[in-house]
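Protein chains: 2
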Amino acid sequence: MASQYFATVQQLTKMLKNLDTWLDKAVAHAEKKKFDPNVLLQSRLAPDMFPLMQQIQSACDGAKFCAARLAVFVLTKPADTEKTLEEIRPRIRAVIEYCSSFKESDFDGAEARVIPLGFMPGKGVRAQDFVQEMNGANTYFHLVMAYAILRHNGVELGKQDYIGSLNLVDI
Amino acid sequence: MASQYFATVQQLTKMLKNLDTWLDKAVAHAEKKKFDPNVLLQSRLAPDMFPLMQQIQSACDGAKFCAARLAVFVLTKPADTEKTLEEIRPRIRAVIEYCSSFKESDFDGAEARVIPLGFMPGKGVRAQDFVQEMNGANTYFHLVMAYAILRHNGVELGKQDYIGSLNLVDI
Chain A
7 MASQYFATVQ QLTKMLKNLD TWLDKAVAHA EKKKFDPNVL LQSRLAPDMF
57 PLMQQIQSAC DGAKFCAARL AVFVLTKPAD TEKTLEEIRP RIRAVIEYCS
107 SFKESDFDGA EARVIPLGFM PGKGVRAQDF VQEMNGANTY FHLVMAYAIL
157 RHNGVELGKQ DYIGSLNLVD I
Chain B
7 MASQYFATVQ QLTKMLKNLD TWLDKAVAHA EKKKFDPNVL LQSRLAPDMF
57 PLMQQIQSAC DGAKFCAARL AVFVLTKPAD TEKTLEEIRP RIRAVIEYCS
107 SFKESDFDGA EARVIPLGFM PGKGVRAQDF VQEMNGANTY FHLVMAYAIL
157 RHNGVELGKQ DYIGSLNLVD I
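Residue numbers (our numbering), protein chains in the order written: chain A, 7 to 177; chain B, 7 to 177.
Just chain A, with the same shape it has in the complex (with noise of 0.2 Å):
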């Protein structure tokens, strides 16, 4: 079972990869635009929904966490104080580097495990929930929105620059 833990973390990792090539074609494009790219970020998609930059802060720690938790890392959430693309990056890459460092052999035994929840006390949910329910459908949220804000700003993505590459096998 730890193979599955390991694949989803797997997976959100190749996810951010992605997320930072978005990023590249949105400096690309406010640059052929003229505009500060920086601008992307205080984007929203509705008042009260998370601009840009919160969307990747979200997606980053969703990564982040679904590796920690699934192998009992205790990790404190980071303050969100990037404003800048430059500030922001660094922070996707760092996330990149922590999750590509997990082995599949750290989630072994994790399916038997309940994951605490900090917002409900003395509540929490079982492993399987945790990455199918949770933490997969939330980071799958923020990559998306943080996707669909660039769109919504014409950065020319498509689905290819989502799914990014695939793992083929001849038949």
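Simulated from the structure, these hints should not be mistaken for lab results. Among these hints, one or two may not hold up.
It does not matter which identical chain is used: a pair holds within one copy or between any two.
Cut-off 25 Å, straight-line C-alpha distance, at most; resulting in silico cross-link-like pairs (SDA-like, lysine to any residue) [said to hold, decoys possible]:
hint: 1; residue 1: 109; residue 2: 81
hint: 2; residue 1: 165; residue 2: 144
hint: 3; residue 1: 165; residue 2: 82
hint: 4; residue 1: 165; residue 2: 48
hint: 5; residue 1: 31; residue 2: 57
hint: 6; residue 1: 31; residue 2: 140
hint: 7; residue 1: 31; residue 2: 52
Chain A is already provided as a structure; the job is to place chain B on it using the hints.
Frame of chain A, contents of chain B only:
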């Protein structure tokens, strides 16, 4: 390993149930604002993105094909002929019913399967990669885009509508 595929299908089924509740709120919003809720089905975040209707159709297909392909049931892709909420909502519910008909044992041996790709003859992906890299990432894409379009158009949805119920345990 069958359990993880079963859990994935259950999760996508739950997300379609959540989507159905988002549409309840969309209808309520349209009634309050006195516009035809079917207008929302043609809303998109960018002119070269799918409108809400196609996001819903794609999310339905994502869940259905996830279950069917892992269990090696051959299904044809339905014609996307729906034009109204009255037409698309029965499709959502039919897919929920179809996906709910699977048992864990339907996925026995799934981990050893290679799933052929219709759009890339001679190539396929392993079940684990199908779930993680392709179907999962793609189905969440369309679910979150549907949510994003509704939010962008003023429908009052929150994270709880997106996540739905959680399988909590006492600790």
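Hint by hint, here is what the structure shows:
Only within a single protomer do residue 109 and residue 81 lie at most 25 Å apart by alpha-carbon distance; the minimum there is 18 Å, versus 37 Å between protomers. When the C-alpha separation of residue 165 and residue 144 is checked against a cutoff of 25 Å, the pair qualifies both within a copy, at 20 Å, and between copies, at 9 Å. For a Cα distance limit of 25 Å, the shortest separation of residue 165 from residue 82 across copies, 22 Å, qualifies, whereas the shortest one inside one copy, 33 Å, does not. In this assembly of identical chains, the alpha carbons of residue 165 and residue 48 lie at most 25 Å apart whether taken from the same copy (23 Å) or from different copies (20 Å).
Taking the shortest alpha-carbon separations for residue 31 and residue 57, both the intra-copy value of 18 Å and the inter-copy value of 23 Å come in at or below 25 Å. Proximity of residue 31 to residue 140 under the C-alpha cut-off of 25 Å is restricted to the inter-copy arrangement: shortest distance 22 Å between copies versus 30 Å within a copy. In the homo-oligomer, the alpha carbons of residue 31 and residue 52 lie at most 25 Å apart both inside one protomer (23 Å) and across protomers (16 Å), since each shortest distance falls under that limit.
Figure legend: structure checked against the earlier numbered hints; every hint is met.
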